[in-house]
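Peer 1: Construct all of the structure, not just a fragment, from the sequences and the given hints.
In this text, residue positions in the sequence shown follow this note's numbering: the first is 407, and each later residue adds one.
Keep in mind that a hint or two might mislead.
To be verified - The list that follows gives simulated cross-link-like pairs (lysine-lysine, PhoX-like), each with its CA atoms no further than 25 Å apart:
1. 524 <-> 557
2. 582 <-> 598
3. 735 <-> 670
4. 524 <-> 608
5. 611 <-> 582
6. 608 <-> 646
7. 646 <-> 598
8. 609 <-> 582
Simulated from the structure, these hints should not be mistaken for lab results.
Keep in mind that this is a model prediction, so the values were computed, not measured.
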Amino acid sequence: MLDGPIPEALTFDDVLLVPAKSSVLPSEADVRTYFSRNVQLNIPIVSAAMDTVTESRLAIALAQQGGIGIMHRTMSPEQQALEIDKVKRSESGMIVDPVTIGPHSKISEAKEIMMKYKISGVPVTTNGKLVGILTNRDLRFEPRSDLPVEKLMTRENLITVSVGTTLEEAEKILHKHRVEKLLVVDREFNLKGLITVKDIQKKIKYPNAAKDAQGRLRVGAAVGATGDYLERAQELVNAKVDVLVVDTAHGHSARVIEAVGTLKRKFPDVDLVAGNVATFEGACDLVQLGVDGVKVGIGPGSICTTRVVTGAGVPQVTAIAECARATRKAGIPLIADGGIKYSGDIPKAVAAGANCVMIGSLFAGTEV
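Peer 2: Have a look at this one:
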């Protein structure tokens, strides 16, 4: 029952930013921000966890520009984890856990691995010790697929470097020996990593890429609050996901609150963003659970039907401002999810209190 006057609430179309004098040149603007407590971005742009928007291709492209993609969950946990793995392996200062194969494996298996991960070569190891490398060059004129890898692999004069070699040093060695891959080994010749010329080139081409401490691109993934959400989260954590996102239409409900608490206890070392909420009270309850970011927006999205089906929602600018009262005090990021129809809506969201914006429709159908 309605009690008292209806408060005024605003959405993006209702507001404009008042121009003011600025001494900052566009090239000097610093748009770095945080998606979650420990995940820093170089641009405040996040792609939505929608099956028509974010899979590995867009996640890679967006992270290279400084943002982050949130992998949708309309797929099996194993497939979602594989998409995360594709992003984490796509670019790295040094690949710390490279895909390997044994010397007694068949050539057909090596080809499957190279095709699956879209790589041109695979190190060959025995009990972790490097014994060779198999590349496309070795396979080029060999029609037989039942041969063991050891028959074709390169085992002599392997170009290796020790753990701790910098990318600058690695670049010089790659150029000197005219090779595309450097095998990183310890004193016992155990394989510890892989440095490729492509990774060095990408670092130069994408200087603002959002990367983790190991130089891998950042990526997040959506999980639900029911069903297989714990098993899904475990698969994603195993794939080295940077942040888990509890993605629900109504994040201020008993079931979501219970799921958030369980995820936070089970995976304390992985950032957890939860939502969606649209009120100060909803944001406060998530903050009290120890989340690392709050996602705001009930029904503003271009294809979201929550408002028309349920009659529930809060205009997005007001929702952001209200939730920001809770997140700002707790020192955690706020993600404005939905309602971004024009580029001008992004600074409006930031002015209202958002740290970054989640975009779906503007990315849908784009080619990367």
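Peer 1: So which hints don't hold here, by number, going up?
Peer 2: No hint contradicted; all consistent.
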